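Student: So the chains spell out like this:
Number of protein chains: 2
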Amino acid sequence: MSEELSEILERAEIAIQQRDAVLVHKLCVNLHHADLAELYEDAHPEDRIFLTENLGSEKFSEILAELPDTLVEETLDSFQPHEQREMLHSLADDDRVDILQDVSDSKRRDFLEMLDEEKQKDTRTLLRYDEETAGGRMTTQVGKVLATMSVKDAIEHLRGDLESTSTLARIFVVNEDDKLVGKIRLRDLAFNAWDVAIKDVVQDIDHSILATADQEDAAYMISRYDMLILPVVDESNRLLGVITADDAIEILEEESTEDIEKGAGIAGDQSEETYLNTSIASHFKRRCGWLVVLGFLAILSGFVMMRFEHTLTQIYLLSLFLPMVVAAGGNTGGQASTMVIRAMALGELDPEDTSRVAWKEMRLGLLLGALLGVIIGIFAVFAPPALQFTLPAGVNFTQFGLTVAIAIAVQVATSTLIGALLPIGARAIKMDPAVVASPAITTIVDVSGMVIYFTVARSILAV
Amino acid sequence: MSEELSEILERAEIAIQQRDAVLVHKLCVNLHHADLAELYEDAHPEDRIFLTENLGSEKFSEILAELPDTLVEETLDSFQPHEQREMLHSLADDDRVDILQDVSDSKRRDFLEMLDEEKQKDTRTLLRYDEETAGGRMTTQVGKVLATMSVKDAIEHLRGDLESTSTLARIFVVNEDDKLVGKIRLRDLAFNAWDVAIKDVVQDIDHSILATADQEDAAYMISRYDMLILPVVDESNRLLGVITADDAIEILEEESTEDIEKGAGIAGDQSEETYLNTSIASHFKRRCGWLVVLGFLAILSGFVMMRFEHTLTQIYLLSLFLPMVVAAGGNTGGQASTMVIRAMALGELDPEDTSRVAWKEMRLGLLLGALLGVIIGIFAVFAPPALQFTLPAGVNFTQFGLTVAIAIAVQVATSTLIGALLPIGARAIKMDPAVVASPAITTIVDVSGMVIYFTVARSILAV
Numbered sequence: 059m060s061e062e063l064s065e066i067l068e069r070a071e072i073a074i075q076q077r078d079a080v081l082v083h084k085l086c087v088n089l090h091h092a093d094l095a096e097l098y099e100d101a102h103p104e105d106r107i108f109l110t111e112n113l114g115s116e117k118f119s120e121i122l123a124e125l126p127d128t129l130v131e132e133t134l135d136s137f138q139p140h141e142q143r144e145m146l147h148s149l150a151d152d153d154r155v156d157i158l159q160d161v162s163d164s165k166r167r168d169f170l171e172m173l174d175e176e177k178q179k180d181t182r183t184l185l186r187y188d189e190e191t192a193g194g195r196m197t198t199q200v201g202k203v204l205a206t207m208s209v210k211d212a213i214e215h216l217r218g219d220l221e222s223t224s225t226l227a228r229i230f231v232v233n234e235d236d237k238l239v240g241k242i243r244l245r246d247l248a249f250n251a252w253d254v255a256i257k258d259v260v261q262d263i264d265h266s267i268l269a270t271a272d273q274e275d276a277a278y279m280i281s282r283y284d285m286l287i288l289p290v291v292d293e294s295n296r297l298l299g300v301i302t303a304d305d306a307i308e309i310l311e312e313e314s315t316e317d318i319e320k321g322a323g324i325a326g327d328q329s330e331e332t333y334l335n336t337s338i339a340s341h342f343k344r345r346c347g348w349l350v351v352l353g354f355l356a357i358l359s360g361f362v363m364m365r366f367e368h369t370l371t372q373i374y375l376l377s378l379f380l381p382m383v384v385a386a387g388g389n390t391g392g393q394a395s396t397m398v399i400r401a402m403a404l405g406e407l408d409p410e411d412t413s414r415v416a417w418k419e420m421r422l423g424l425l426l427g428a429l430l431g432v433i434i435g436i437f438a439v440f441a442p443p444a445l446q447f448t449l450p451a452g453v454n455f456t457q458f459g460l461t462v463a464i465a466i467a468v469q470v471a472t473s474t475l476i477g478a479l480l481p482i483g484a485r486a487i488k489m490d491p492a493v494v495a496s497p498a499i500t501t502i503v504d505v506s507g508m509v510i511y512f513t514v515a516r517s518i519l520a521v
Numbered sequence: 059m060s061e062e063l064s065e066i067l068e069r070a071e072i073a074i075q076q077r078d079a080v081l082v083h084k085l086c087v088n089l090h091h092a093d094l095a096e097l098y099e100d101a102h103p104e105d106r107i108f109l110t111e112n113l114g115s116e117k118f119s120e121i122l123a124e125l126p127d128t129l130v131e132e133t134l135d136s137f138q139p140h141e142q143r144e145m146l147h148s149l150a151d152d153d154r155v156d157i158l159q160d161v162s163d164s165k166r167r168d169f170l171e172m173l174d175e176e177k178q179k180d181t182r183t184l185l186r187y188d189e190e191t192a193g194g195r196m197t198t199q200v201g202k203v204l205a206t207m208s209v210k211d212a213i214e215h216l217r218g219d220l221e222s223t224s225t226l227a228r229i230f231v232v233n234e235d236d237k238l239v240g241k242i243r244l245r246d247l248a249f250n251a252w253d254v255a256i257k258d259v260v261q262d263i264d265h266s267i268l269a270t271a272d273q274e275d276a277a278y279m280i281s282r283y284d285m286l287i288l289p290v291v292d293e294s295n296r297l298l299g300v301i302t303a304d305d306a307i308e309i310l311e312e313e314s315t316e317d318i319e320k321g322a323g324i325a326g327d328q329s330e331e332t333y334l335n336t337s338i339a340s341h342f343k344r345r346c347g348w349l350v351v352l353g354f355l356a357i358l359s360g361f362v363m364m365r366f367e368h369t370l371t372q373i374y375l376l377s378l379f380l381p382m383v384v385a386a387g388g389n390t391g392g393q394a395s396t397m398v399i400r401a402m403a404l405g406e407l408d409p410e411d412t413s414r415v416a417w418k419e420m421r422l423g424l425l426l427g428a429l430l431g432v433i434i435g436i437f438a439v440f441a442p443p444a445l446q447f448t449l450p451a452g453v454n455f456t457q458f459g460l461t462v463a464i465a466i467a468v469q470v471a472t473s474t475l476i477g478a479l480l481p482i483g484a485r486a487i488k489m490d491p492a493v494v495a496s497p498a499i500t501t502i503v504d505v506s507g508m509v510i511y512f513t514v515a516r517s518i519l520a521v
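These protein sequences, in sequence, are chains A and B. Numbering of the first sequence is given in the working numbering, commencing with residue 59 and proceeding in unit increments. Numbering of the second sequence is given in the working numbering, commencing with residue 59 and proceeding in unit increments.
Note that these hints are calculated values from the structure, not bench results. These figures come from a predicted structure and were not determined experimentally. Heads up, a few of these hints could be off.
Unchecked claim - Below are the DSS-like pairs computed for lysine-lysine, each with C-alpha atoms no more than 30 angstroms apart in a straight line:
id	chain 1	residue 1	chain 2	residue 2
1	A	K117	B	K179
2	B	K202	B	K241
3	B	K179	A	K210
4	B	K202	B	K237
5	B	K179	B	K202
6	A	K237	B	K84
7	A	K117	B	K241
8	A	K210	B	K257
9	A	K84	B	K241
10	B	K210	A	K210
11	A	K202	B	K241
12	B	K165	B	K202
13	B	K241	A	K210
14	A	K165	A	K117
15	A	K202	B	K210
16	B	K237	B	K84
17	B	K210	B	K165
18	A	K257	B	K210
19	A	K165	A	K202
20	B	K165	B	K179
21	A	K210	A	K237
Please build the complete structure, drawing on both the sequences and the hints.
Tutor: This is the structure we're talking about:
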């Protein structure tokens, strides 16, 4: 955010707290609705009411579309019914649907009743699509012309819908059954003679998406093919609406945040609210699940430690490198799983690539393991001579260094492979790969690390 | 990716391996250049040469723009100089600049010499901007008209540049000094009478960005304000070019991948190549650094274990819950740091929010710690009576359960706070917050976890 904008927002915040309506108006009149939404979201509840009263319903219909789900209903409730009706009418249809999806069932019925007949019908149609599908995300406000028109007809036809059409960067050409047959660019209308036929300037549709498809697939298509607008169709190829590049940006950002959070063992849907505005209860709910599950899993490592009591108490110096051997597995396994999960999210890995991934990560694991083994082996032999007294008779430091080196090499190599393959395995059994991201991998390879370390120690040091 | 597309790509792959030029042509002729780039990138080196020979230089100029950095030079080298010249000329100027940034200095000089005078001058200007800035990312192919023109003048003026203008979704209005004074929409030209003056339809510019600004700021602006096109200006507000929504998508995807990778302790710039096409050496280089650093850090935990030898060997049952107490800190600290780092990346947290973050995470940490403490305390007391024999005389299971419960509660609470505050601290001293993501936090709270566990055990169990 620019410094200038931060400053305006800060001054507005103070003006709101001081109930200075004149200054608030002066500061807010030129702000973009995205900035106003932030101002509103960050304000205290009583300050929010002051804002709704002072900015007025017209300005607020745009702000409404930018608010997190949880704030939508109470915000609408602070307006009079006639204002609510105006706000709902002035919204773009995809924003209106989003908002109606965020309110309670009874409110939704009330709000739908407020709409005029045509808008009500359109809105009900859109509400049938799941929020996460292309249909649930599209806007029906699309520039549409018939193949039989001339440039002049098309311009006349579009002129009527001009106000309700969000973008004309692409105009779609349909036949009399509303089936998608092609696209033209607005420049084809602007720069051609009026008597040119649309069918002479129409271009083929390279990409469209079914309304029932996942919104992520739509965003992925827009991103891959550098599109501004993607047409959404039904099974009979009838044009239902469009998804625009700014929708794609929003979808991809949400997905990335979700992936990042899942990768840290944070469960549930990403909050639409900012970090600070999300309640403690909802933060708690999203974090406690994995924490408890992983906590119990970690007791397995404890059982391994119990089993090797004799080994550890005989050569207590082993404990100096125990956390390191164990943690190195978690770190390298986490790196491998993160790389593989991201590659899958970007659509780079097919199931048949599994053996290539395994071969790649096995070599990487051996290399990384060898590197750490050599470094730590040298360190173990040369660095801490002051600790030598704790070694029992018959064990020398070369043996000890070798133990640590071999253990860490084996641990890193196996953990790398486990980290890379578990997400692929998860996907194969239709689980979300992100579930086996770093924290789960770390806990799993903690157990294997203990077993590896103590087993190697037993056989080399003969304890 | 759609199944149909995957199938075509697979069939094309086989046709390439069989050197079936006719089938390759048939399969590839209708593919989008993004798909062809994937086909080319995934092919073996000798198959790539077959593809360049068979698809021809015209098709390849578009593919070139989609290739990862490392493939650009060798691909260009497989064409004749006159083909290289054609390819470089037919590229959009931002793509051409990207490509020239990817080749060696001497090649860059050669390729620049091939361009005609005007393109050479424009390209040299763009090459002056750093690759990561708005200027380095923009295209200069922008629709531009003068405020003094009429709609007719503007149409005539734009018609000349039509082929070289990538998008006309927004047309920018400048004065005689090329300074940005406003914008119009193409629809303002298409749907207005020819004698209407541009100054009567011009709209204010709400957002523009300096060419020297970070490309991320540009992408962030496009995303926040749902823009299709963002104008890029110099210090005197002269219009230099534009960044489009598809650039923003690319920038944001790169940033998200980088954040995800950094969060797993993977160093260095994200590879432009896919996971499978990235060499072992470059994977190795990006992963080994943190692995070694964290490995040595983990020895600190080992030192703590050594220090508490007496405590652990006296009540060896403590080892049953040692990994769990330690790991719970890593997991909760990782969750907290991930949430805070992502909130910072999305621009939600200012430095003055530190105390609010601390207050939030302290309460969360206490709640999560209390939850785990109670669950684990109950488990420790009731679950493993078979292990009771290892407790020394004078210690009962209630005391033992209390020890584990208190230790895990304290560990979770402090780790949550550390996880949330370290990234903020890192930013305060101008370090990248992502550096203290999960793996680093985990290693740090491993140490504190050991100290907490053994200290609590000592004081409650009096060993």
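Student: Run every hint past the structure and note whether it holds.
Tutor: Verification of the hints:
For the suggested pair K117 of chain A and K179 of chain B, the alpha carbons sit about 46 angstroms apart, so the restraint of at most 30 angstroms is broken. Under the criterion of a C-alpha separation no larger than 30 angstroms, the hint pairing K202 of chain B with K241 of chain B is consistent with the structure, at around 9 angstroms. Among the hinted pairs, K179 of chain B with K210 of chain A is inconsistent with the structure: their alpha-carbon atoms are about 41 angstroms apart, more than 30 angstroms. Pair hint K202 of chain B plus K237 of chain B holds up; C-alpha atoms about 11 angstroms apart against a cutoff of 30 angstroms.
Straight-line distance between C-alpha atoms of K179 of chain B and K202 of chain B comes to about 19 angstroms, which keeps the hinted pair within the 30 angstroms bound. About 27 angstroms separates the Cα atoms of K237 of chain A and K84 of chain B, which keeps this hinted pair within 30 angstroms; it holds. Between K117 of chain A and K241 of chain B the alpha-carbon distance is near 22 angstroms, which keeps this suggested pair within the 30 angstroms criterion. Annotation: proposed proximity of K210 of chain A to K257 of chain B holds, straight-line Cα distance about 25 angstroms (limit 30 angstroms).
Restraint check: the Cα-Cα separation between K84 of chain A and K241 of chain B comes to about 24 angstroms, which is no more than 30 angstroms; the hinted pair holds. Between the alpha carbons of K210 of chain B and K210 of chain A the distance comes to roughly 16 angstroms, so the proposed pair stays at or under 30 angstroms and holds. About 25 angstroms separates the Cα atoms of K202 of chain A and K241 of chain B, which keeps this hinted pair within 30 angstroms; it holds. Taking the CA atoms of K165 of chain B and K202 of chain B, the gap is about 33 angstroms. The hint is violated against a cut of 30 angstroms.
With a C-alpha separation of about 25 angstroms, the suggested pair K241 of chain B and K210 of chain A falls inside the 30 angstroms cut-off, and the hint holds. Of the supplied pair hints, the one linking K165 of chain A and K117 of chain A holds, its CA atoms being roughly 22 angstroms apart against a limit of 30 angstroms. A C-alpha spacing of about 25 angstroms is found between K202 of chain A and K210 of chain B, which places the hinted pair at or below 30 angstroms, so the restraint holds. Proposed proximity of K237 of chain B and K84 of chain B is contradicted: the alpha carbons are some 49 angstroms apart, above 30 angstroms.
For the suggested pair K210 of chain B and K165 of chain B, the alpha carbons sit about 45 angstroms apart, so the restraint of at most 30 angstroms is broken. Using a Cα cut-off of 30 angstroms, the hinted pair K257 of chain A and K210 of chain B holds, with the two alpha carbons roughly 25 angstroms apart. Straight-line distance between C-alpha atoms of K165 of chain A and K202 of chain A comes to about 33 angstroms, which puts the hinted pair past the 30 angstroms bound. For a cut-off of 30 angstroms, the pair hint linking K165 of chain B to K179 of chain B stands: about 17 angstroms separates their Cα positions.
Proximity of K210 of chain A to K237 of chain A is assessed by CA-CA distance (about 22 angstroms); at most 30 angstroms being required, the pair is judged to hold.
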